[in-house]
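S.K.: Here's the letter readout for the chains.
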Amino acid sequence: MIARSSRRVFLVPPRRDLPGRLGGDPRSRTEALARAIATDPILADSGATLIVGSGPDPHIAILGSFDASVAARIEALPDHLDHVLPSLRYVDYRDVERDVEHLAAKLRQRLGALEDHRFRAIPRGGLIVLGMLAYALDLDASQLSDADDDRPLVLVDDVALTGARLRRFLVESGSKPFAFAHLYSHPDLRAAIETAESTLAVAAADLVDRAPERLGGRYEAWRAAWRARSDEDYWVGLVDQLCFPWAEPDISWWNDVGKRVEPGWRLLPPELVLKTRHGAAHTADVQIMERGTGHVRPTERALAADLGDEVVLVDVVGHGNLALSGSWAAMWRALVATGDLAAAADSVAEEYDAGSEQVLEDLHRLVDLLRGQELLEVTAESS
Amino acid sequence: MDRKPYMRPELIEWGTVTQLTATGLTNPGNDMKSGSRTSVGK
Chain A
1 MIARSSRRVF LVPPRRDLPG RLGGDPRSRT EALARAIATD PILADSGATL IVGSGPDPHI
61 AILGSFDASV AARIEALPDH LDHVLPSLRY VDYRDVERDV EHLAAKLRQR LGALEDHRFR
121 AIPRGGLIVL GMLAYALDLD ASQLSDADDD RPLVLVDDVA LTGARLRRFL VESGSKPFAF
181 AHLYSHPDLR AAIETAESTL AVAAADLVDR APERLGGRYE AWRAAWRARS DEDYWVGLVD
241 QLCFPWAEPD ISWWNDVGKR VEPGWRLLPP ELVLKTRHGA AHTADVQIME RGTGHVRPTE
301 RALAADLGDE VVLVDVVGHG NLALSGSWAA MWRALVATGD LAAAADSVAE EYDAGSEQVL
361 EDLHRLVDLL RGQELLEVTA ESS
Chain B
1001 MDRKPYMRPE LIEWGTVTQL TATGLTNPGN DMKSGSRTSV GK
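Chains as they are written, first to last, in the numbering used here: chain A, 1 to 383; chain B, 1001 to 1042.
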């Protein structure tokens, strides 16, 4: 059965809680968020277009023809932002180096001499941590070989959120690590791993679980629902979102319309995350509106999406929208590009088979219409 | 170069607009967990 799609515009209001890592001012932070959202594979596959408004503290509009499942995913975006943004922290390479040294100290403390141990990493984040750990522990090259011998194995990862990656390693390799070392995890996860697998779980630092406080009386039902959906997890929680320069930790989201588990939204733009920069097969189109400098220009309440055969204008105040097609789409583009009525008319008349008088008459109708809706402003010099 | 045909100006309502706020969600925060998805359809 083909799911029915309908044309929708979703408006994301300006947010005051975007981290400074995204940019120096609200506008650049909003642009970065839009570029992060655009990397979402489900949104990209839907053919969505994202628009960032022209003001200093702009809205983001997400336009497209969405089926009910994708629409539900977009509607959950504010909740995702509300949960993740307060706990989002970017762990840069220097932070990682510091915490690798903490991890090395804890491994020496828990395991004693490490000369007889061999080390392996869970790809791909674990490889980066193990590379640094090898220097911090002064490991010999032979300790890093893939040879499956009798030496106790220390398995290394960047972060442990549920232990599912460890479980997959156990299933696929058939070997049991003596210790599972990683930078960050919740203490209850480490305890669950040690109980279930008799494997020492060692982390450089603890993550805090926000779920009990956030969910209150719904916590136990939430936990039971996720345990039923995730048979690889040793533990379920909602921990701080520590983002590495190589990857943004996964969040799972239950789409109750699509009845499936989907990846959560990405909140860091490609320039901050290696995996996003190179891993996204394609992204949704992002259009950044400029304020314009001419006599005729869009107001801050107008978001304009250029969809090729038409231009869709969205009013972020009145929440109305209208599509300009035919010659009006060309006129809008000419007005934005030139900022001048006469120049826009000349441009359209040059490109299209129409007399200047006809073009000017239609252009005035368009300008009057959009001024009436406060989507376009015209200063005295041009009106 | 040939000029493009001049099409009659048209104005249509394109779709429905929804302002996204967390208000109105039936299960805020209930639908996500840390970690990758490990199974689907359950």
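Hints are supplied without guarantee of correctness; some may be wrong.
Taking CB as the label site, the calculated pair distances span [said to hold, decoys possible]:
hint	chain 1	residue 1	chain 2	residue 2	range
1	B	Pro-1005	A	Arg-218	52 to 62 Å
2	A	Asp-45	B	Glu-1010	26 to 36 Å
3	A	Arg-218	B	Gln-1019	21 to 31 Å
4	B	Thr-1021	A	Asp-25	20 to 30 Å
5	A	Pro-41	B	Asp-1002	38 to 48 Å
For the record, the hints were derived by calculation from the structure and aren't laboratory data.
All C-beta atoms, glycine included, are put in the ideal place defined by N, C-alpha and C.
S.K.: Decide, hint by hint, whether the structure agrees.
M.R.: Right, here's what the structure says about each hint:
no., hint, verdict
1, B:Pro-1005 / A:Arg-218: 52 to 62 Å, "holds (60 Å)"
2, A:Asp-45 / B:Glu-1010: 26 to 36 Å, "holds (30 Å)"
3, A:Arg-218 / B:Gln-1019: 21 to 31 Å, "holds (26 Å)"
4, B:Thr-1021 / A:Asp-25: 20 to 30 Å, "holds (23 Å)"
5, A:Pro-41 / B:Asp-1002: 38 to 48 Å, "holds (41 Å)"
Checked against the numbered hints above, the structure violates none of them.
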